[in-house]
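Guided by the hints, dock chains H, V and S onto chain Z, whose structure is given.
Number of protein chains: 4
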Amino acid sequence: MINRKTIHIEWGDCDPAQIVYYPRYFEYFDSCTAALFAKAGFSKREVLKTYGIVGFPLVEVRSRFMAPSHFSEDVVVESEITEWRNSSFCVRHQLFKENVLAVECFEIRVWAAVSANDPDKIESRPIPREIIERFANPAL
Amino acid sequence: MINRKTIHIEWGDCDPAQIVYYPRYFEYFDSCTAALFAKAGFSKREVLKTYGIVGFPLVEVRSRFMAPSHFSEDVVVESEITEWRNSSFCVRHQLFKENVLAVECFEIRVWAAVSANDPDKIESRPIPREIIERFANPAL
Amino acid sequence: MINRKTIHIEWGDCDPAQIVYYPRYFEYFDSCTAALFAKAGFSKREVLKTYGIVGFPLVEVRSRFMAPSHFSEDVVVESEITEWRNSSFCVRHQLFKENVLAVECFEIRVWAAVSANDPDKIESRPIPREIIERFANPAL
Amino acid sequence: MINRKTIHIEWGDCDPAQIVYYPRYFEYFDSCTAALFAKAGFSKREVLKTYGIVGFPLVEVRSRFMAPSHFSEDVVVESEITEWRNSSFCVRHQLFKENVLAVECFEIRVWAAVSANDPDKIESRPIPREIIERFANPAL
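For the record, the sequence lines run as chains Z, H, V and S.
When we follow our numbering, the leftmost residue of the first sequence carries the number 1, and every step to the right adds one.
When we follow our numbering, the leftmost residue of the second sequence carries the number 1, and every step to the right adds one.
When we follow our numbering, the leftmost residue of the third sequence carries the number 1, and every step to the right adds one.
When we follow our numbering, the leftmost residue of the fourth sequence carries the number 1, and every step to the right adds one.
Check before you lean on any hint, since a few could be wrong.
Within a straight-line C-alpha distance of at most 25 angstroms, the following computed DMTMM-like cross-link-like pairs (lysine to aspartate or glutamate) qualify [to be verified]:
| # | chain 1 | residue 1 | chain 2 | residue 2 |
| --- | --- | --- | --- | --- |
| 1 | Z | K49 | S | E123 |
| 2 | V | K97 | S | D118 |
| 3 | V | K5 | V | E133 |
| 4 | Z | K49 | S | D120 |
| 5 | Z | K97 | H | E123 |
| 6 | V | K5 | V | E104 |
Label pairs and their calculated CB-CB ranges [claimed, not checked]:
| # | chain 1 | residue 1 | chain 2 | residue 2 | range |
| --- | --- | --- | --- | --- | --- |
| 7 | V | C90 | S | R125 | 32 to 42 angstroms |
| 8 | V | D118 | H | R125 | 25 to 35 angstroms |
| 9 | H | R129 | Z | D118 | 51 to 61 angstroms |
| 10 | S | E133 | H | C90 | 49 to 59 angstroms |
Worth flagging that the hints you see were computed from the coordinates, not collected in a lab.
Quick reminder that beta carbons are idealized off the backbone N, C-alpha and C, glycines included.
Looking at chain Z on its own, in the form it has when it is part of the complex:
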């Protein structure tokens, strides 16, 4: 399952060089991961309530920036979960500007809940099988 999300580059996402300030790309990609779950039938708010987690924070990310984008432009991000592990998963985002790959990003995220021993800590949890199955078969 691939999600395609059109993003309008806003004035406030750009820096004095007139191009997207790069941390904003990670905001885009974070919302694209959420959109991927929504496409599979789970809004992020529902996921957290249903499975008792606090989120799926990143443990690793790498990104390449091949071409800049400017305010008032539209870009399209294609997002896909490329691997499910026991308590983590990998996401690939590809941002296209007029069909040219402009930014690529690889995330590793962990399925995380509040620690049973220390409410100030979070710890990984096994990803529920039904989540993985729904992504494999969104029509369920």
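Okay, now just chains H, V and S, sitting in the frame of chain Z:
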């Protein structure tokens, strides 16, 4: 030359999981790269004016998140330029929380100016020798 | 002319209280003002190029927050220019959550260009008549 | 009690007009309100834990922008609580650039906890007397 910058984690940097929303780390690291140049004697504003560039945007970044941080905490980021190339340079940031490495980030940035042929584009430029020399010998 | 924009509240727009971190509302409203110009036929990028301005920064803003919003919710913002002055204009934004007014915002923005005397300063300029006419009659 | 906080304007806080993107001012002011509480002896994290609240979100804000600021500049914000009401309080922030008042902001914030009847809602609570006393007499 290593720069150490203390960062106070703000409420608005944190997400509903009560921890730093990860794109904010890249905002921290971007300001740490600017602080590194300031320590070498160049404010970012001066660098741009003096050398006619639009900035030093990223072409590649990778980061690992080992431990989360929370609002009202102080963290320390150590930043260092690890390599100078012809028109790009590499920066390493290490974010410590109570002396424990919590986040690590590697940036590749390019020395960029407005293209001579197309004012809507930017292109790389050779990094001025005096920049590199000043980092090697900040006392100059 | 009124513009209606649906905004999906993102995880990263919310703070540890699980509600929208209030500066994000101003990012929403800023993009809504840009969308209003786009609806009138002017992308922000075109406006700047065509009329030689640097933007329409705020000189005054006030806002009331009647009800919070949460991530994964959709809200609708209605935006309207309520007054054109010589070199400034007033915008009203109303953010609705399930048809209930949740946030209201009043902006005064100035039509601003780089100062003729000092390239580091910006100064107000008369708003071009065709801009105002286009808003009055978008079909032109 | 007045708190003075020096803020270094970062590259990423500025927009393509080369000046601070105005929602960032509200991020500055939000951190200044937190710093005011910290000066009175309460970190925001402690306040929330000690008094069982989720924060002190805004119900109203108004701001005037008299002069822009640019990246690599330092500004100073003076913050003061101007009024304590039963379950809300008023804060004034004045941002100075080289001793000239550049931005002024007035906030009304509410002391807010999770609703007893609906965990998805928040509601106001009376401000604890000791909070108000500590601000009146920080030496306590």
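Hints and how they fare:
1. Z:K49 / S:E123: holds, 21 angstroms
2. V:K97 / S:D118: holds, 18 angstroms
3. V:K5 / V:E133: holds, 22 angstroms
4. Z:K49 / S:D120: It holds: about 11 angstroms lies between the C-alpha atoms, which stays within 25 angstroms.
5. Z:K97 / H:E123: Satisfied, since the Cα-Cα distance of roughly 18 angstroms is no more than 25 angstroms.
6. V:K5 / V:E104: holds, 14 angstroms
7. V:C90 / S:R125: 32 to 42 angstroms: Given a distance of about 36 angstroms, which is inside 32 to 42 angstroms, the answer is holds.
8. V:D118 / H:R125: 25 to 35 angstroms: For D118 (chain V) and R125 (chain H) the Cβ distance comes to about 27 angstroms; the hint holds.
9. H:R129 / Z:D118: 51 to 61 angstroms: holds, 52 angstroms
10. S:E133 / H:C90: 49 to 59 angstroms: For E133 (chain S) and C90 (chain H) the Cβ distance comes to about 53 angstroms; the hint holds.
Violation of the numbered hints given earlier is absent; every hint is satisfied by the structure.
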